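Novice: Given next are the chains, with one letter for each unit.
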Amino acid sequence: MRYVLQLLIILFFSFCGELLHHFLPFPFPASIYGIVLLYISLELKIVKIENIKAVSTTLIMAMPIMFVPPAVGLLNNLHYMKAQWPKYLAITFISTFVVMAAAGWATQYIIEKKKNRKKT
Amino acid sequence: MSTTNFISDSAYIGVLLTISSYGIGLWLNKKTGISILNPLLTSIILTTSFLVLAGISYESYNEDVNIINFFLTPSTICLAIPLYEQIHQIKKNPSAIGIGITSGVLASIFSIFGMSLLFGLDHTSYVTLLPKSITTAIGMGVSEELGGIVPVTIMSIVCTGIIGNIFAEKFLRIIKIKNPIAKGIAIGSASHVIGTSKAMEMGQTEGAMSSLAIVTSGIITVIATSVFSTLI
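Top to bottom, those sequences are chains A and B. First residue of the first sequence? That's 38 in my numbering, and the numbers climb one at a time after it. First residue of the second sequence? That's 6 in my numbering, and the numbers climb one at a time after it.
These are calculated hints, taken from the structure and not from any lab test. It should be emphasised that the depicted structure is a prediction, and the values quoted were computed from it without experimental measurement. Where hints are given, some of them may not hold.
Dumping the calculated DSS-like pairs for lysine-lysine here, alpha-carbon to alpha-carbon at most 30 angstroms [said to hold, decoys possible]:
1. Lys97(B) x Lys152(A)
2. Lys181(B) x Lys90(A)
3. Lys36(B) x Lys150(A)
4. Lys97(B) x Lys183(B)
5. Lys36(B) x Lys155(A)
Estimated spans, in silico, between C-beta atoms of each pair [what the hints assert, rightly or not]:
6. Glu206(B) x Pro62(A): 40 to 50 angstroms
7. Ile83(A) x Gly125(B): 48 to 58 angstroms
8. Ser15(B) x Asn113(A): 16 to 26 angstroms
Even glycine gets a Cβ: it sits at the ideal position worked out from N, Cα and C.
Build the full structure now, drawing on both the sequences and the hints.
Specialist: Spelled out as structure tokens, the structure:
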């Protein structure tokens, strides 16, 4: 019964996310509103972490399974992929390294700068 | 009734196929330890091959797995829990971490924008690739919202993760990123969950920072792409 209640809380936030998605003008997915609402509720102690932890951990662990059906939809987009895949692959490959370098350099630069300031 | 009809009409085969192929993927990955044998990738390939061989249409399969699709949004919302548990990590170095993740998000958007221009891609392809660095759950939502091709976005996200997982350690050494916080932020921002498993092997700080960057960069990307999606 405890787990049913946990699932109920999570479904309630999913519904609230859908509501916001429907009524607000931003192009954000419903789940993003849900994440933010649930996060705020956790911070404000409206929802206690132990009241959703068990079911949410299970759902997060099982999440990759939920990506399989939408990914298999590639079957219906094969004609599109046939022409474009080398470009997609190149962009995927190169941008991964660009992002890693940008995020890493920026973080390290600011940490080092702070350290130097403390020394002098 | 022929066997093919029986298989495609069964209410359980789709769910069975999806979950068991993922199980095989997990097993293969654990047994071999090869990064490119990612469980999700294996599962996608096995499921797709089965459907093609058995002559089952995607539409009929997708109807069967409605119960799996039902749980996607609720599971995504659960990402608030790791965010809640890891956000205190930010206090160690709020400006460095905040600027680091934001730089990663902007670098992702502008590198994809630049290359899309270079390759002459249309709007659909551009928004399909825009969320490729973030975690699948949020990324596919962004792609759908902006009018991208969701299955292609998922493939790009999974490949990004695998690339990060394989090359992160060497690449960070080459570009001289030595600080463990910076390493973690770089890996989490660039290659989400799949990269994070590598960051966790590299060290505790790297792992914690990388997991923090997953959801944070996802949320920043949602906001940033809503602004930059109209560039092409």
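Novice: Decide, hint by hint, whether the structure agrees.
Specialist: Against the structure, the hints:
no.: 1; hint: Lys97(B) x Lys152(A); in the structure: holds, 13 angstroms
no.: 2; hint: Lys181(B) x Lys90(A); in the structure: violated, 39 angstroms
no.: 3; hint: Lys36(B) x Lys150(A); in the structure: violated, 44 angstroms
no.: 4; hint: Lys97(B) x Lys183(B); in the structure: holds, 17 angstroms
no.: 5; hint: Lys36(B) x Lys155(A); in the structure: violated, 49 angstroms
no.: 6; hint: Glu206(B) x Pro62(A): 40 to 50 angstroms; in the structure: holds, 43 angstroms
no.: 7; hint: Ile83(A) x Gly125(B): 48 to 58 angstroms; in the structure: holds, 50 angstroms
no.: 8; hint: Ser15(B) x Asn113(A): 16 to 26 angstroms; in the structure: holds, 22 angstroms
The earlier numbered hints that this structure contradicts are 2, 3, 5.
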